[in-house]
Amino acid sequence: MIEVKNINKAFGSNKILKNLSAKFETGKVNMIIGQSGQGKSVLAKCIVGLHEVDEGIVSYDGRNFSELDNFQRREIRKEIGMLFQGSALFDSMTVEENIMFPLKMFTDMSKKQMLERANFCLDRVNLSGKNKLLPAECSGGMQKRIAIARAIAMKPKYLFCDEPNSGLDPKTSIVIDNLIKEITYEYNITTVVISHDMNSVIEIGDNIIFIHEGQNWWSGDRNSIIKTDNKEIIDFVYASEFMGRIKSLMQNNI
Amino acid sequence: MKVLGNIGKYFLMLNIIFSKPEKWRIFRVRLMNEIETIGIKSLPIVTILSVFMGAVISLQTAANMDSPLLPEYTIGFITRSSTILEFSPTILSLILAGKIGSNIASEIGTMRVTEQIDALETMGVNSLSYLVLPKIAAAILFFPIMTIFSIGLSLIGGWIAIVSSNLSTTETYIFGLRSFFVLSNIGYALIKTVVFAFVIVSISSFYGYYTKGGALDVGRSSTQAVVISSIVILICNFFLTQMILL
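Residue numbers (this note's numbering), protein chains in the order written: chain A, 1 to 254; chain B, 1 to 246.
No lab work stands behind these hints, which were simulated from the structure alone.
In this text, a Cβ means the ideal position worked out from N, Cα and C, and glycines have one as well.
Partial list, derived from the structure: chain B residues whose beta carbon lies under 7 Å from chain A: (1) T114; (2) E115; (3) Q116; (4) M123; (5) G124; (6) V125.
Within a straight-line C-alpha distance of at most 25 Å, the following computed DMTMM-like cross-link-like pairs (lysine to aspartate or glutamate) qualify: (7) A/K155 / B/D118; (8) B/K212 / A/E52; (9) B/K23 / A/E116; (10) A/K78 / B/E115; (11) B/K2 / A/D54; (12) B/K2 / A/E52; (13) B/K20 / A/D108; (14) B/K212 / A/D54; (15) A/K155 / B/E115.
The calculated label-pair distances, taken between Cβ atoms and stated as ranges, are: (16) A/G129 / B/I191: 50 to 56 Å; (17) A/K112 / B/I40: 29 to 35 Å; (18) A/G220 / B/A215: 38 to 44 Å; (19) A/D91 / B/T169: 53 to 59 Å; (20) A/D229 / B/G219: 45 to 51 Å.
My request is simple: use the sequences and hints to build the entire structure.
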């Protein structure tokens with residue numbers, strides 16, 4: 001489980017996170033949602049240590065990340081898989097090399113074992129046989145799946161996904177969502193997904209945290225989010241015309 | 001204040017770069033790749049520049065020798081001295097700051113804005129050591145070789161220009177090259193080259209690594225890397241000359 005307690009983060013005079021606390025449970029898809037500029041990505045980057053928190057505690061299964069030195073932090077990071085918004089694949093490496101990269105860096109596996117693991121991960125994201133392609137030769141959806149394959153190569157305990165569906169068509173988004181959900185349950189990992197996409201929230205969100213003005217404004221599950229009367233959440237969830245129609249249908253019990 | 005802040009940040013960066021690589025095997029592979037990128041791929045431009053600069057130095061020297069009291073072998077002597085003392089270590093480094101510096105800053109800058117560096121960090125990789133240390137090692141190893149190569153080619157370029165223009169004979173030119181030769185000048189040139197190699201790679205990496213924003217900012221970092229490396233090379237050149245030659 002990942003826990004953040006009373007964290008504050010500011011860039012200059014601009015306070016992004018204000019005394020924010022949250023828990024991300026193991027074996028569940030924990031979603032961080034909220035409007036743009038409310039601090040979702042900053043929160044994720046604070047959790048993985050890409051940003052230093054000004055105050056507060058970030059702990060991984062009881063290990064206080066904020067108090068660890070760089071070496072100890074790197075040890076925890078080896079247990080983290082991260083899917084970035086833009087995939088962040090190494091563009092000079094092939095698909096296979098991208099997936100094998102963390103294995104080469106941190107394990108003593110033979111080349112054959114690494115190749116087997118890379119093939120297994122590629123198979124898991126339905127991209128068997130795409131080993132020798134370069135990231136530039138892959139579509140956006142394929143790149144996301146390759147990034148997921150790279151993220152799970154080291155059998156992580158924690159998986160972070162920063163807007164996994166951005167720039168993808170609805171059908172591919174569902175594929176990615178399902179993949180994240182399956183991997184989370186299959187390997188019993190703590191998954192944290194940052195998303196704007198209400199479809200994803202309803203599809204895969206076991207635990208949902210709504211960030212507003214840098215604070216944990218609301219938390220609950222996918223059933224409670226559509227029933228809540230919290231104004232900010234209603235504004236966010238039913239912002240699109242489509243969701244608005246669904247709401248009126250629900251209100252009319254149709 | 002911003003300049004002082006950047007200087008502090010630069011030295012902190014160096015401290016992180018010079019930490020033990022995660023795996024020596026991977027470091028060796030990356031070192032070989034960087035030797036190819038930074039060193040071997042620069043050889044064509046070094047060859048062209050050196051030959052023509054040597055030729056121009058010798059022609060200009062010949063053109064300015066009005067006094068009959070000046071011996072003809074002065075052409076070879078001046079060509080050799082200019083090449084060893086200044087052209088091959090300094091001017092070549094300034095030109096390579098443009099080629100290699102912008103390449104490094106844009107490569108690392110692009111990795112930064114496309115979150116590839118963040119990806120390395122979240123995996124637990126010391127991104128600075130992984131990306132920059134092999135580049136510094138490759139430059140420090142290969143720049144002296146390039147300098148020696150450049151000195152040789154410049155002297156050949158000077159010889160071709162002088163002999164083909166009938167301004168002197170091969171024997172006189174070679175006599176000039178060998179006259180008043182000070183071996184320690186080669187050491188001076190190589191020391192300068194090593195310092196300049198370090199300056200180019202570390203400063204360009206600094207600007208690339210701390211790029212913020214998008215494609216435009218990568219271009220800006222690239223330009224800053226070249227400008228600042230060139231200025232630092234000239235300043236280091238002055239102090240090294242004072243320390244070693246005087």
